[in-house]
Amino acid sequence: MEELLEIGKKAINHAKELGTDEAEIFLYGQNLTSVKFASGIFASRGGAVKGIKGAFVRMAEPWIKKKGLPMITSGIKAGVGVRAVIKKAIGFASVSSLEENKVLAAVEEATKIARIRPPDPNWAYLPEAKEPKGRSGIFDKRISELGVEEILDLCADCCVTMGDHDKKITQAIAMLSAAHGSFAVVNTNGISVSDHGTTFVAYFGAKAKSGSEEVSSSDFLSCRAFTENLQSTALNTSKRAIECFGKRSLHEKYVGPVLFENMSWSELFSRIFTYGISASNVQENRSVYKGKIGERVANEAVSIVDDGTMPEGFGTAKIDDEGFPKKKTAIIEKGVLVDILYDNYAAKRDKCESTGNASRQGWVAPPYANQPVIKPSNLMLIPCKGKLEELVSEMKDGVLLKGSLIGAHHSNAMTGDFSVTAENAFRIEDGEVKYPLKACTVAGNLYTALGSVKAIGNDVRDFGFLGNTICPSLVIDKIVVSA
Amino acid sequence: MSSHVEELMDKAIWHGLKIGASFVEAKSEDAITRRIEAVNKEIRTVSEIHNIGIGVRVFYNKGNGFSFSNILDQENIANAVETAMKIAKASTKKTLLKLKLATVKPVTNKQVTNVSKHPRDVSLDEKKDLCLRQCKVAMGKSKLIANVTSMFAEYHGTIHYSNSEGTRVSYEPLLIGLGVSCVAKKGETIVDARDRHGGSVGLNTFEEEMHTPEKMAENAADWAIEKLKAKAAPAGKFESFIDPRLAGVLAHESFGHLSEADGVIIGMTPLAGKIGQKLGTEMVTIIDEGLPRKGGYNIYFDDEGVPCDRVEILKKGTLNSYLHSRETAHRLKMKPTGNARSQDYSFEPIVRMRNTYFDVGDWKSEEALDELEEGIYAIDTAGGQVEATGTFLFKAVRGYWVEKGEIKYPLRDVALTGNILEFLKNVVAVCNDLEISSTPFGGCGKMEQRALVGSGGPHIKVRDVLFGGVR
Numbered sequence: 001m002e003e004l005l006e007i008g009k010k011a012i013n014h015a016k017e018l019g020t021d022e023a024e025i026f027l028y029g030q031n032l033t034s035v036k037f038a039s040g041i042f043a044s045r046g047g048a049v050k051g052i053k054g055a056f057v058r059m060a061e062p063w064i065k066k067k068g069l070p071m072i073t074s075g076i077k078a079g080v081g082v083r084a085v086i087k088k089a090i091g092f093a094s095v096s097s098l099e100e101n102k103v104l105a106a107v108e109e110a111t112k113i114a115r116i117r118p119p120d121p122n123w124a125y126l127p128e129a130k131e132p133k134g135r136s137g138i139f140d141k142r143i144s145e146l147g148v149e150e151i152l153d154l155c156a157d158c159c160v161t162m163g164d165h166d167k168k169i170t171q172a173i174a175m176l177s178a179a180h181g182s183f184a185v186v187n188t189n190g191i192s193v194s195d196h197g198t199t200f201v202a203y204f205g206a207k208a209k210s211g212s213e214e215v216s217s218s219d220f221l222s223c224r225a226f227t228e229n230l231q232s233t234a235l236n237t238s239k240r241a242i243e244c245f246g247k248r249s250l251h252e253k254y255v256g257p258v259l260f261e262n263m264s265w266s267e268l269f270s271r272i273f274t275y276g277i278s279a280s281n282v283q284e285n286r287s288v289y290k291g292k293i294g295e296r297v298a299n300e301a302v303s304i305v306d307d308g309t310m311p312e313g314f315g316t317a318k319i320d321d322e323g324f325p326k327k328k329t330a331i332i333e334k335g336v337l338v339d340i341l342y343d344n345y346a347a348k349r350d351k352c353e354s355t356g357n358a359s360r361q362g363w364v365a366p367p368y369a370n371q372p373v374i375k376p377s378n379l380m381l382i383p384c385k386g387k388l389e390e391l392v393s394e395m396k397d398g399v400l401l402k403g404s405l406i407g408a409h410h411s412n413a414m415t416g417d418f419s420v421t422a423e424n425a426f427r428i429e430d431g432e433v434k435y436p437l438k439a440c441t442v443a444g445n446l447y448t449a450l451g452s453v454k455a456i457g458n459d460v461r462d463f464g465f466l467g468n469t470i471c472p473s474l475v476i477d478k479i480v481v482s483a
Numbered sequence: 484m485s486s487h488v489e490e491l492m493d494k495a496i497w498h499g500l501k502i503g504a505s506f507v508e509a510k511s512e513d514a515i516t517r518r519i520e521a522v523n524k525e526i527r528t529v530s531e532i533h534n535i536g537i538g539v540r541v542f543y544n545k546g547n548g549f550s551f552s553n554i555l556d557q558e559n560i561a562n563a564v565e566t567a568m569k570i571a572k573a574s575t576k577k578t579l580l581k582l583k584l585a586t587v588k589p590v591t592n593k594q595v596t597n598v599s600k601h602p603r604d605v606s607l608d609e610k611k612d613l614c615l616r617q618c619k620v621a622m623g624k625s626k627l628i629a630n631v632t633s634m635f636a637e638y639h640g641t642i643h644y645s646n647s648e649g650t651r652v653s654y655e656p657l658l659i660g661l662g663v664s665c666v667a668k669k670g671e672t673i674v675d676a677r678d679r680h681g682g683s684v685g686l687n688t689f690e691e692e693m694h695t696p697e698k699m700a701e702n703a704a705d706w707a708i709e710k711l712k713a714k715a716a717p718a719g720k721f722e723s724f725i726d727p728r729l730a731g732v733l734a735h736e737s738f739g740h741l742s743e744a745d746g747v748i749i750g751m752t753p754l755a756g757k758i759g760q761k762l763g764t765e766m767v768t769i770i771d772e773g774l775p776r777k778g779g780y781n782i783y784f785d786d787e788g789v790p791c792d793r794v795e796i797l798k799k800g801t802l803n804s805y806l807h808s809r810e811t812a813h814r815l816k817m818k819p820t821g822n823a824r825s826q827d828y829s830f831e832p833i834v835r836m837r838n839t840y841f842d843v844g845d846w847k848s849e850e851a852l853d854e855l856e857e858g859i860y861a862i863d864t865a866g867g868q869v870e871a872t873g874t875f876l877f878k879a880v881r882g883y884w885v886e887k888g889e890i891k892y893p894l895r896d897v898a899l900t901g902n903i904l905e906f907l908k909n910v911v912a913v914c915n916d917l918e919i920s921s922t923p924f925g926g927c928g929k930m931e932q933r934a935l936v937g938s939g940g941p942h943i944k945v946r947d948v949l950f951g952g953v954r
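Keeping their order, the protein sequence lines are chains A and B. Following the numbering used here, the numbering of the first sequence begins with 1 at its first residue and continues without gaps. Following the numbering used here, the numbering of the second sequence begins with 484 at its first residue and continues without gaps.
Read the hints as simulated data drawn from the structure, not as lab findings. Check before you lean on any hint, since a few could be wrong.
[What the hints assert, rightly or not] The calculated DSS-like cross-link candidates involving lysine-lysine, where the alpha carbons are at most 25 Å apart (straight line), are:
{"#": "1", "chain 1": "A", "residue 1": "Lys-87", "chain 2": "B", "residue 2": "Lys-524"}
{"#": "2", "chain 1": "A", "residue 1": "Lys-112", "chain 2": "B", "residue 2": "Lys-600"}
{"#": "3", "chain 1": "B", "residue 1": "Lys-798", "chain 2": "B", "residue 2": "Lys-908"}
{"#": "4", "chain 1": "B", "residue 1": "Lys-698", "chain 2": "B", "residue 2": "Lys-712"}
{"#": "5", "chain 1": "A", "residue 1": "Lys-396", "chain 2": "A", "residue 2": "Lys-454"}
{"#": "6", "chain 1": "B", "residue 1": "Lys-611", "chain 2": "A", "residue 2": "Lys-87"}
{"#": "7", "chain 1": "A", "residue 1": "Lys-102", "chain 2": "B", "residue 2": "Lys-494"}
Build out the structure end to end from the sequences listed, making use of the hints.
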């Protein structure tokens with residue numbers, strides 16, 4: 001980390017020599033090992049999944065009998081992202097290298113870009129140095145020392161566990177990745193900070209077949225320290241698939257209370273709610289929460305907080321990706337909207353302090369190649385009471401949704417409308433899960449759903465990998481389920 | 484003379500052999516991607532990503548392993564080789580199949596890209612102006628134009644590949660693109676249209692009459708305004724005239740992917756076991772190649788160092804070849820075709836397309852259209868859905884109703900569905916106006932890797948295409 005800061009300081013000096021008004025260097029290095037292990041007798045499958053506008057996405061799964069096929073990648077990714085500001089115009093350039101001459105060249109490039117861009121009237125200045133109060137990112141030595149062989153063994157064991165659960169399981173996939181790394185931010189406004197951490201992410205998928213009926217299920221874990229829960233999560237994935245045999249059709253459209261398992265809810269919540277509470281979306285008139293601070297936006301039982309200092313949180317770190325301290329921010333208190341999330345740019349525009357929510361995490365490019373945007377650190381819907389079973393027992397008539405919801409990412413985050421397909425859905429009658437349902441469509445609006453929350457469970461899980469949300473299972477009224 | 488990177492790669496290969504690998508290969512990349520975006524006369528985004536690194540793959544016993552580093556010193560590259568070796572050893576224990584590569588003749592070759600106005604020699608200012616010129620023309624075209632977005636992107640650099648068999652090649656990839664999209668609005672009706680141009684060429688391409696920023700902007704604006712009065716496309720089966728861009732997407736998305744040999748091996752494509760079988764009419768030939776005569780994205784070698792040969796996947800209607808990596812070629816006892824590609828140095832090569840297109844036929848496009856009694860002229864696509872069975876749904880960007888060879892009126896919501904294997908049997912005319920297009924904006928996604936590709940064809944005429952039939 002000292003090394004990163006040193007390169008950062010040199011780059012800052014170079015930016016000053018080039019005549020920039022301000023400059024910021026984000027430095028990053030990560031060592032990631034990822035193993036995907038697939039086993040079982042595979043039905044031929046794959047091809048393409050639904051394309052979003054203008055994009056085609058393809059997936060292919062290997063077809064292997066008995067043993068399996070490991071797909072492993074491991075390597076180091078390091079680089080810097082530079083923001084240079086000249087007369088309120090911002091230039092950004094990045095390079096996948098920590099070599100001094102390459103880093104300095106990126107500084108020059110960012111400066112050139114700043115010179116051709118128009119000034120941004122909303123730009124104030126880069127964040128100022130502030131002493132972080134929160135904890136350092138969690139660094140688990142065990143994860144940083146995990147070897148390829150060990151991860152592969154863990155993966156293969158999980159596949160065996162999934163396959164052994166039931167003879168009807170035809171396919172099991174386990175994916176594990178372990179990463180350790182550090183990052184630093186240095187700017188012309190006095191910031192010179194760094195942090196480090198480890199992450200451990202697992203994904204499990206199971207398919208099963210009986211007669212002509214096929215069922216499937218998936219689950220995952222995201223944590224900062226090594227966990228012994230791998231096997232149990234893998235096993236649950238198979239159990240959940242098997243539970244779905246004997247599916248019946250929903251004869252008529254159902255409108256009423258729906259119990260969302262924590263994972264199902266988290267997929268919609270992270271996609272939609274996160275968008276609504278971003279200050280830049282509020283400022284640009286893209287959020288339903290514009291002008292709503294201080295107003296009731298949810299049922300009184302609902303409290304939501306983002307806490308970047310939470311012990312064990314997937315998104316916990318001392319500082320955000322602009323070097324500003326992470327903190328705890330109450331978003332909804334007993335149904336009332338009290339605050340939204342800020343990075344430096346949006347905060348200065350609203351004349352308030354950043355909430356430390358600048359993030360460079362992206363799906364495709366490594367963090368140093370992205371400019372910061374507003375994202376939650378650990379966005380938690382505060383749990384109340386009752387496990388999933390207890391929530392079921394309190395429902396006279398309803399539908400239970402488990403696992404992943406297909407199409408959650410196509411939801412309209414601006415309006416909150418969602419329409420998803422549930423493959424692990426069940427009918428609840430008289431406080432009991434009666435039978436699984438054939439794939440059904442679940443539609444509603446997430447923002448209005450927060451006003452029709454009927455019950456909140458206590459079974460919170462950290463879905464860090466899904467967009468830094470931590471959610472319990474909950475019951476929401478007036479949801480439409482159709483065959 | 485070897486560069487610092489080439490020396491590091493050589494050392495990596497020696498190190499791999501020394502620790503017991505049966506085969507070692509290394510790929511290095513030093514490339515820049517720049518993007519400029521302007522919205523309504525204002526430059527919105529300018530970004531630059533400089534990507535540098537080395538990837539190594541080793542074979543040991545039954546397995547192989549891949550690792551990479553973008554810290555380019557001897558210690559880190561040696562670590563990457565050792566990590567790859569660890570992976571190869573670990574996977575050997577878990578794998579049933581022995582992974583082997585088909586034999587190829589070692590090649591040494593250095594290709595240099597010389598074009599006038601190479602993007603690395605052109606100022607950022609001039610590139611920015613391309614976008615602003617487009618915005619100005621499109622905005623000025625009509626009050627109905629509500630929004631204009633212009634994008635410029637460039638990708639170029641140097642790729643080296645070496646392996647322990649003696650292959651040592653390098654080339655300088657280059658791809659540029661300029662695109663514009665216009666949103667037109669009248670009352671409640673909102674429509675959009677776009678135009679774009681790109682390829683492995685210098686910026687002087689935007690000085691050609693057909694491809695000036697102004698011409699593209701006018702096209703996009705005109706097409707958007709025209710769409711405001713478009714009628715809904717009729718549903719049903721019609722004879723259809725398909726433009727080169729839509730033909731290219733069909734060739735790539737719905738046919739090309741089915742011919743990838745990794746899919747053939749796992750039996751998930753309907754083309755498995757069909758070499759030599761008649762799949763289309765005599766006039767249909769579908770090509771995938773690295774260096775098309777005209778247009779597209781130039782790729783000299785794949786990421787296993789194999790020259791990017793011309794592959795006739797479908798030759799006069801008969802399935803002639805699959806697309807191979809050295810691994811799939813060995814498994815199927817066929818010849819490698821130079822289709823092993825990786826997104827960048829940090830990914831392992833997998834079977835990918837290069838430039839995929841319908842080859843030219845004898846028809847003049849005016850004559851083919853003249854003979855269209857009644858049907859739909861479908862142009863370009865911005866997305867759709869394809870399945871491993873060959874079933875597709877494409878939404879054309881534009882469409883026209885045609886009667887007696889005459890374009891009558893514009894259509895909206897032109898969606899074509901069908902199965903490519905049926906489609907190929909219904910091709911009744913292939914024209915001689917081949918166009919292959921490629922831009923750095925999108926690319927093809929497969930197994931979490933993106934690849935830059937080209938696609939195209941001439942105009943083609945097809946019987947019985949189902950329109951408006953959303954399944």
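To see whether the hints hold, each was checked on the structure:
Using a Cα cut-off of 25 Å, the hinted pair Lys-87/A and Lys-524/B holds, with the two alpha carbons roughly 20 Å apart. Taking the CA atoms of Lys-112/A and Lys-600/B, the gap is about 19 Å. The hint holds against a cut of 25 Å. A C-alpha spacing of about 13 Å is found between Lys-798/B and Lys-908/B, which places the hinted pair at or below 25 Å, so the restraint holds. The hinted pair formed by Lys-698/B and Lys-712/B meets the criterion: a straight-line CA distance of about 22 Å does not exceed 25 Å.
Between Lys-396/A and Lys-454/A the alpha-carbon distance is near 13 Å, which keeps this suggested pair within the 25 Å criterion. Only pairs whose Cα atoms come within 25 Å are accepted, and Lys-611/B paired with Lys-87/A is accepted, the gap being roughly 18 Å. Of the supplied pair hints, the one linking Lys-102/A and Lys-494/B holds, its CA atoms being roughly 22 Å apart against a limit of 25 Å.
When the structure is compared with the earlier hints, no violation turns up for any of them.
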